[in-house]
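Participant: Sequence:
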Amino acid sequence: MELSATGEPVVTQEDTQVEVGLDLQAGTLVLTRDGRDLVAYHALVEFASPRERPWTAEQVKFSAHGPDGASVSLVVDLLNEACDGPRDGIPEVIWRVVALAATSAGDVGITYAPPAP
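The opening residue of the sequence shown carries number 53 in the working numbering; numbering runs sequentially from there.
Simulated from the structure, these hints should not be mistaken for laboratory data. Note that the Cβ used here is the ideal one computed from N, Cα and C, for glycine as well.
Distance condition first, Cα-Cα at most 16 Å in a straight line; then the derived EDC-like pairs of lysine to aspartate or glutamate:
| hint | residue 1 | residue 2 |
| --- | --- | --- |
| 1 | K113 | E71 |
| 2 | K113 | E98 |
| 3 | K113 | D75 |
| 4 | K113 | D129 |
Computed Cβ-Cβ distance ranges for the label pairs, DEER-style:
| hint | residue 1 | residue 2 | range |
| --- | --- | --- | --- |
| 5 | P119 | R148 | 19 to 25 Å |
| 6 | T58 | G121 | 47 to 53 Å |
| 7 | G59 | I142 | 35 to 41 Å |
| 8 | D86 | A134 | 23 to 29 Å |
Based on the provided sequences and hints, a complete structural model is requested.
Facilitator: Now the structure itself:
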């Protein structure tokens, strides 16, 4: 395959978004929804920097296996209704997933700190 490229890419800060995927070791994260345990095997964390604001984790999309072995997905919105801070009641382990993703995202220039307790 022959490939060439020119230019200097520029990212606009108007609506910058980055998604970071993490493969999770089997059995290390169990999510419970409606009384059903879901064993997560992948997380996709969405970070955004709208209107030149600091990077914020907006949501995590989990892929998991349900009790019957079928694949299911679960989306956790991380921001409150006003989108100016973290949503109440997010389990600490989900913030740890976000922090792991932020470490990976540092390679693309994201700096992120989890919300204070």
